[in-house]
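Here the protein sequences come in this chain order: Z and D.
Residue numbering for the first sequence is 1 to 70, as defined by the working numbering.
Residue numbering for the second sequence is 1 to 287, as defined by the working numbering.
FYI, nobody ran anything at the bench for these hints, they're computed from the structure.
One or more of the hints may lead you astray.
As the list claims (entries may be wrong) - With a straight-line cut-off of 20 Å between C-alpha atoms, the simulated SDA-like cross-links for lysine to any residue are:
1. D:Lys113 - D:Lys175
2. D:Lys30 - Z:Glu19
3. D:Lys175 - D:Pro126
4. D:Lys165 - Z:Glu65
5. D:Lys30 - Z:Gly24
6. D:Lys35 - Z:Glu34
7. D:Lys35 - Z:Asp40
8. D:Lys35 - Z:Glu59
9. D:Lys30 - Z:Asp25
10. D:Lys30 - Z:Pro21
11. D:Lys15 - Z:Pro30
12. D:Lys30 - Z:Ile22
13. D:Lys35 - Z:Pro30
14. D:Lys15 - Z:Ala61
15. D:Lys15 - Z:Glu34
16. D:Lys30 - Z:Pro55
17. D:Lys15 - Z:Pro62
18. D:Lys35 - Z:Glu60
19. D:Lys35 - Z:Pro62
20. D:Lys15 - Z:Val51
21. D:Lys35 - Z:Ala31
22. D:Lys15 - Z:Ala52
23. D:Lys15 - Z:Asp40
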Amino acid sequence: MWVRYGVAGTMTNDTISAEDPITGDEIQIPADVEVGEIIDSPVTGTELEVVAVDPIALEEAPELEEDWGE
Amino acid sequence: MNVGVLYSRIRRDEKLLLSELRDRGHEVTKIDVRKERFGVHDAPAAFEDVDIVVDRCLATSRSRYVTRFVDAYGIPVVNDPETAAICADKARNSLVLAEAGVPTPATEVTFTKESAMESIEEFGYPCVLKPVIGSWGRLMAKIDSRDAAEAILEHKETLGHYEHKVFYIQEFVEKPGRDIRVVTTDGEPVAAMARASDHWLTNAARGAETEQIEITGEMAALVERASDAVGGGLLGVDLMETGDSYTVHEVNHTVEFKALNDVSDVDVPATVVDWLEATVQGVEVTA
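Turn these sequences into a full structure, and let the hints guide you.
The following block contains the structure:
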C-alpha cells in the first residue's frame, strides 16, 4: 500500500481552545500539543508554534531556513 | 533514564519519540536550543541530570555545534558530533562513503564556475548540482543542457552564500522512479521504504509516495558499511537501485522517520528507544 506522506496522523480527537496570534480568532487545537510543536492555523493556514501549554499560547512559527532538514 | 532531547521544532517524529520514552517511564528533558547559552567550560543547567542526549535539531548548523558542546561536557550524545559534521556536508558524506568502498555516485567538487562547467561537461547531460549543505531536496538542480548549467552556475556564484560557491556535481543516476530509505541504528536496519515520484526528486518531504519494502541481505550489508563509514548512530541511509545493485547517495544524521513509521510493520520509535536504552546501558557498563 502506498501512503502519501503527511496524511496519516496520530492526533487525538480532544481539542482545546486557543487564540490565533495573527487573527485573534478562537481556534481549536489538539489537546495533547507540546511546547515547540507546530500546528496549522485553521483560519489562515499559517504555521503556528506552541510556546506555552499552561495556559496555551501560540506564536507565528519561524520561516523555513536554508539549513533545515535531516 | 533521563533523555535530553535537543530541538527547536517538535515535528511528528519528535512527538512519536517523546511519547515512546514517556510511555516506558523514562524522564524526558526537552531542551530548546534556541533558548540555551552554551559555555565552553560549563554545561547549561538543562543538561544537569540527563543520561544521554538525542539531537533532534531541525537546523543543521545548530545540530553541528550543539553536539560538539554536549560531547565536550562529557555527556553521551546521539548522534556523535563527528557523524553530524560528516552527514551535514554532502561533500564529506560522499568522500567517506567512497573511502570506505561503499558504492556511491561519481561526484566532483569544484570552486569556480569555470571548473564546475568543465566537470558538468565531462559528466554530460543530465547531471546534478547540489548544495553541500541542505536537505529535503532544496536547491538541487538536474542540469539538462549547457545553457541551463551556465545560468545556474552564474546564479549560484552571484547570489549565494559562500557555501554555494562550493560546487558539488554528481552523475545523474537513472533510478526506477524511486529511491530507498533505510533507517538504521549502529548499522542495524530498522525498516525500509521506497519513495516514488514522477519527479526526479523522491524526497518524502516533497510529497513522494512511500511504501514499505523488504530489506534484502545485500541492502543490509550495504547500509551497515555506510553507517560505519559515517560513525554509526541513528541514521537514514538513502539508496538508489542501479539495475543489478545499489548505490548509496547519502546518509542523514537527524533522520525523519514518521513517513517510514506510517507504512512499516515495524514500530520505528519503539525500536529507536530500544536502541537508546541499550546505548545508555553500554555507556554505564564501560564508565
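How the hints compare with the structure:
no., hint, in the structure
1, D:Lys113 - D:Lys175, "violated (28 Å)"
2, D:Lys30 - Z:Glu19, "violated (24 Å)"
3, D:Lys175 - D:Pro126, "holds (13 Å)"
4, D:Lys165 - Z:Glu65, "holds (19 Å)"
5, D:Lys30 - Z:Gly24, "violated (29 Å)"
6, D:Lys35 - Z:Glu34, "holds (16 Å)"
7, D:Lys35 - Z:Asp40, "violated (23 Å)"
8, D:Lys35 - Z:Glu59, "holds (16 Å)"
9, D:Lys30 - Z:Asp25, "violated (29 Å)"
10, D:Lys30 - Z:Pro21, "violated (24 Å)"
11, D:Lys15 - Z:Pro30, "holds (13 Å)"
12, D:Lys30 - Z:Ile22, "violated (27 Å)"
13, D:Lys35 - Z:Pro30, "violated (25 Å)"
14, D:Lys15 - Z:Ala61, "holds (17 Å)"
15, D:Lys15 - Z:Glu34, "holds (8 Å)"
16, D:Lys30 - Z:Pro55, "holds (18 Å)"
17, D:Lys15 - Z:Pro62, "holds (19 Å)"
18, D:Lys35 - Z:Glu60, "holds (17 Å)"
19, D:Lys35 - Z:Pro62, "holds (14 Å)"
20, D:Lys15 - Z:Val51, "holds (15 Å)"
21, D:Lys35 - Z:Ala31, "violated (25 Å)"
22, D:Lys15 - Z:Ala52, "holds (16 Å)"
23, D:Lys15 - Z:Asp40, "holds (16 Å)"
Taken one by one, the earlier hints fail for this structure at numbers 1, 2, 5, 7, 9, 10, 12, 13, 21, listed in ascending order.
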